[in-house]
Amino acid sequence: MPPEATAPDAALAAEGLVKHYGPTIAVAGLDLQVRPGEVVGLLGPNGAGKTTALRMLAGILRPTQGRVRIGGIDMAERPLEAKALIGFLSGDTQLYQRLSPRETLQYFGRLHGLPEAALTTRIDELVRDLEMASFADRPSATLSAGQKQRANIARAFLHAPSVLILDEPTNALDVLSGRFIVESIRKERAKGRAILFSTHIMSEAEYLCDRIALIHEGRIVDEGEVPDLCARAGDAKNLTDAFLYHVERGAPRVDGASSGGAA
Amino acid sequence: MRLSIVLVILRKELLETLRDRRTFVSLVLLPMMLYPLFALLMSRMAGAEMDALEARPSKIAVWGELSPDVSAALAAGENKLDIMPWHGVPAPLRRDLEAGAIAPPAPAPPRPPGPPRKGSNAEAAGAEAKADTKPRDADRPDAAVALAARALVGAREVHAVLVPWRGFSEDVRAGKAARVTLYYDSVWGDSDFAADRLDYALARARDGLLVAREGEKALPKGFTSGLEVVSRNVAPDERRVGKVLGTIMPMMLILMSLLGGFLRAADMTAGEKERGTMQTLLCAPLLPIEIITGKFLAVSVVSLFTALVNVASLGLTLRRILPGEMDVPFSAHVLTFALLVPVTLLFSALFLAVAAFARDFKDAQNLLTPVYLPVMLLSMVTSLPGMELSVATSFVPVLNVALLIKAIYLGDVAPDLVLFTIGSSTLFAALTLVFAARVFEREDVLLGGRGSFRAVFSFERQKGGIPSLGFSLGAFAVVLVVMFYASFLVEKTTNKTAQLAATQLGLFFLPALAAIAASGASMRETLGLRMPRPRALVGAVLAGLSGGAAVAAIATRLVPVPPEFAEKLGDALLLDGQPLWVLLIVIAVLPALCEETLFRGLLFSGLTRAGFGVALVASSLLFGLAHGSIYRLLPTFSLGLLLGYARHETRSLLPGILVHGINNALAITILAVRPPWLEKLLQNDQVPVGLGVGAALVLALGVVLMREPRKADARG
Chain C
1 MPPEATAPDA
11 ALAAEGLVKH
21 YGPTIAVAGL
31 DLQVRPGEVV
41 GLLGPNGAGK
51 TTALRMLAGI
61 LRPTQGRVRI
71 GGIDMAERPL
81 EAKALIGFLS
91 GDTQLYQRLS
101 PRETLQYFGR
111 LHGLPEAALT
121 TRIDELVRDL
131 EMASFADRPS
141 ATLSAGQKQR
151 ANIARAFLHA
161 PSVLILDEPT
171 NALDVLSGRF
181 IVESIRKERA
191 KGRAILFSTH
201 IMSEAEYLCD
211 RIALIHEGRI
221 VDEGEVPDLC
231 ARAGDAKNLT
241 DAFLYHVERG
251 APRVDGASSG
261 GAA
Chain V
1 MRLSIVLVIL
11 RKELLETLRD
21 RRTFVSLVLL
31 PMMLYPLFAL
41 LMSRMAGAEM
51 DALEARPSKI
61 AVWGELSPDV
71 SAALAAGENK
81 LDIMPWHGVP
91 APLRRDLEAG
101 AIAPPAPAPP
111 RPPGPPRKGS
121 NAEAAGAEAK
131 ADTKPRDADR
141 PDAAVALAAR
151 ALVGAREVHA
161 VLVPWRGFSE
171 DVRAGKAARV
181 TLYYDSVWGD
191 SDFAADRLDY
201 ALARARDGLL
211 VAREGEKALP
221 KGFTSGLEVV
231 SRNVAPDERR
241 VGKVLGTIMP
251 MMLILMSLLG
261 GFLRAADMTA
271 GEKERGTMQT
281 LLCAPLLPIE
291 IITGKFLAVS
301 VVSLFTALVN
311 VASLGLTLRR
321 ILPGEMDVPF
331 SAHVLTFALL
341 VPVTLLFSAL
351 FLAVAAFARD
361 FKDAQNLLTP
371 VYLPVMLLSM
381 VTSLPGMELS
391 VATSFVPVLN
401 VALLIKAIYL
411 GDVAPDLVLF
421 TIGSSTLFAA
431 LTLVFAARVF
441 EREDVLLGGR
451 GSFRAVFSFE
461 RQKGGIPSLG
471 FSLGAFAVVL
481 VVMFYASFLV
491 EKTTNKTAQL
501 AATQLGLFFL
511 PALAAIAASG
521 ASMRETLGLR
531 MPRPRALVGA
541 VLAGLSGGAA
551 VAAIATRLVP
561 VPPEFAEKLG
571 DALLLDGQPL
581 WVLLIVIAVL
591 PALCEETLFR
601 GLLFSGLTRA
611 GFGVALVASS
621 LLFGLAHGSI
631 YRLLPTFSLG
641 LLLGYARHET
651 RSLLPGILVH
661 GINNALAITI
671 LAVRPPWLEK
681 LLQNDQVPVG
691 LGVGAALVLA
701 LGVVLMREPR
711 KADARG
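Just so you know, the protein sequences line up as chains C and V, in that order.
Mapping the first sequence onto full-length UniProt numbering, position 55 (from 1) lands on 55, and the numbers just tick up by one.
Mapping the second sequence onto full-length UniProt numbering, position 441 (from 1) lands on 441, and the numbers just tick up by one.
Be aware that a few hints might be false.
[What the hints assert, rightly or not] Partial pick of chain V residues on the chain C-facing surface, computed with a CB cut under 8 angstroms: (1) Leu10; (2) Arg19; (3) Asp20; (4) Gly208; (5) Val211; (6) Thr277; (7) Thr280; (8) Cys283.
[Claimed, not checked] Away from chain C, derived, C-beta distances all over 12 angstroms, residues of chain V: (9) Ser4; (10) Leu7; (11) Ala151; (12) Gly271; (13) Leu287; (14) Pro329; (15) Lys568; (16) Pro579; (17) Val582; (18) Val673.
[As the list claims (entries may be wrong)] Quick look at which bits of chain C chain V covers, simulated, 3 or more residues with Cβ under 8 angstroms: (19) 103 to 109; (20) 175 to 186.
What the hints contain is simulated information worked out from the structure, not anything from laboratory work.
Backbone N, C-alpha and C define an ideal beta-carbon position, used for all residues, glycine too.
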């Protein structure tokens, strides 16, 4: 990949990411940058490679090709330092059933090497901000889906990461809980975090994201602000139509800015 | 790897375990109930069996004429004996018996002193000891009677046959020792019990006779008995329980100890995947090795705790429920627990590694069951009669520990076998840990579904260099296992020379070379195929000449060798009187070449990846253990250190081969020739202090000469 593709101020940058599972190509050359204080949405149908891409960005999966930088740190070379800057959350993540949210937060705080006193203060702060006081000390097995996801959000925010990678965080939540999560994400953006966010709920993406990348069959087919995306998708009325336009065409848009990479 | 992180993970896993009711039940409750319940059940069953035996009268065929008083005494109702005169006797045999043509068997020698056994008071009315009906008795005078009795008892027609020999009544009347013989089948419970009843009844009859004789001869009462002994067997039921418990205890202990680890391992890997928490753990700034170590320690702690509860429950059961029957000292329980440690570690690693492949908890149980089954089979084999710990079985994982535990509880433990068992179990545990670490390095296994087993087992052929740590250890373990099976083959040849040569070449040398070739590592680097400096060779010769004496001077004082052992070893090494040149080839040249290739080549090189110190100690320890005796452990371990040093310093295998060969050649020559002046010198089979010191000085010189300046040192 050409090195100039990476903006110097990007908090998160992917260059030519490729992931093969045996003969299957899950991600076929992905370039993406997220700047501090920016929310970028990754939009795509099921099986488009969103989860695989986010896992590579979070350092859970090793890319077959390409590289990931977090705050300028190369994930492959210095994984521990890069991972320390990331907060990761996915919609299907559950909590440790027999631990309370507070204990879970303590556990991850210690794994991140936060000092005990600072950790206690930080947990109290999160419990207050995310309105978890009523269930923070109950075993996670007894919590509702919305409560669990708040605890999960708290875990992702815990070490004040500069990059948040959120894989369908509102998945399987009711409207109220979903809205709460979305608002929390907006607050984090205000603090200057770089946020990469995947969803298949169009309204959420439109409401939250500064930029949107449409992913299909393992590569980004278009990327930009919502009006631009609509304009480029045969003057689509809204994001949903733009999305459908690309999915149905099935081929990458020839633009040069977004679809470069592996064949 | 950061210890603090490992401890955080360990602590969290243990906290979760403590809160899991399922685990608590299998960890604490089950073992606490299992052993007492089992013991109670067994004694209840044994008791019921006893009651049934008591209720049935014993049918006794009497082939001969009892005197009226003895006859009356046996027929007394409380004896529950059903006396059947001449029942089932073949006609010719009856004629011979009546004619007195068959001589009674010779009286058995007096029983050796020891714990009283059932039936030891059987010499009723001067009766002969009971005759077994074994084939070797064919030479005895009463063979025909024994054969007929065996047929009758075998057909279940009577429970026992009692033969009062001709002249019984006359002897009783004349006040002489009258002779009877009892034929029964000790394996058949009813027959055994009938023999007990007869013993008792005959003893009573004898007492009656003695009292009558005292009256006749006007002797004071008690004159003839001299001593009145009343013995009462207090726990006939529990004795059986103790024996049964003793044979199946090792199996229960091992299976129960692993159960706790089984559940936790499945929960910590597949369970975490199922709940999606594995990926959150993986995106935390942690090294995979920290995660696996934390989880491994947690599974180990849980398993060890289960093992402890099991051993404690078993110990208390033996004390409380079976008092006095199994006198197991506290140290036996401690040793049992210590033995469970390597097994537990091995399976903690193995369970974790295998469960990591599963998609969810249920899947994990499916995958772990095939791992658990062989353990069950191996530990069940333990309860087979005649299955005992030997040098060969001490290298079979699980079986070795199970057999050793059985031996401990039955009170018969050979110290060197303990050593082998612990040594080989530790080696296997280390190997599995390497395997588990490999699994956890694989993202697809930890995140997605199954991943492929094959990918984990496959190894990439190296391009040159020395073999990896895991490969060397794995290859060494394979050599051990092959040795175990091959020993059955080699055993068949009675030619000891061929046996030794085949072992050296076929089991050490060729497998080591094949392994290095398969790994793709460089033969030259792994084996140290280079010519050392001439002074290093001189040093090796000196060390070879002096090393044995210097080591022996110390070792024989620390661990005195029993003379029988030294003699046996000496005889074995002399190979039934082969000429000296054959001895030199088989005992000196071949071991020097073959053992060095395996131990200082393949094994040592791979181990150096963990550091020189580790390689030196571990290879020497395995080298010492491979020599198969606790008395040789210290000398061979020390020799191993010297050989490892030579390999490391000279970066060549050749000096080691020289040291090893000369050392062995010297020893075998002395053993074969036995020069009289040397015999005189070695008073009490010990190397004299003066000679020891001299040898040590020569050895030191040899060691210094073998030192090669490293490139880094050569700068100045």
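Structure-based check of all given hints:
| no. | hint | verdict |
| --- | --- | --- |
| 1 | Leu10 | violated, 11 angstroms |
| 2 | Arg19 | holds, 4 angstroms |
| 3 | Asp20 | holds, 6 angstroms |
| 4 | Gly208 | violated, 75 angstroms |
| 5 | Val211 | violated, 77 angstroms |
| 6 | Thr277 | holds, 6 angstroms |
| 7 | Thr280 | holds, 6 angstroms |
| 8 | Cys283 | holds, 4 angstroms |
| 9 | Ser4 | violated, 8 angstroms |
| 10 | Leu7 | violated, 9 angstroms |
| 11 | Ala151 | holds, 69 angstroms |
| 12 | Gly271 | violated, 9 angstroms |
| 13 | Leu287 | violated, 7 angstroms |
| 14 | Pro329 | holds, 40 angstroms |
| 15 | Lys568 | holds, 59 angstroms |
| 16 | Pro579 | holds, 64 angstroms |
| 17 | Val582 | holds, 59 angstroms |
| 18 | Val673 | holds, 66 angstroms |
| 19 | 103 to 109 | holds (count 3) |
| 20 | 175 to 186 | violated (count 0) |
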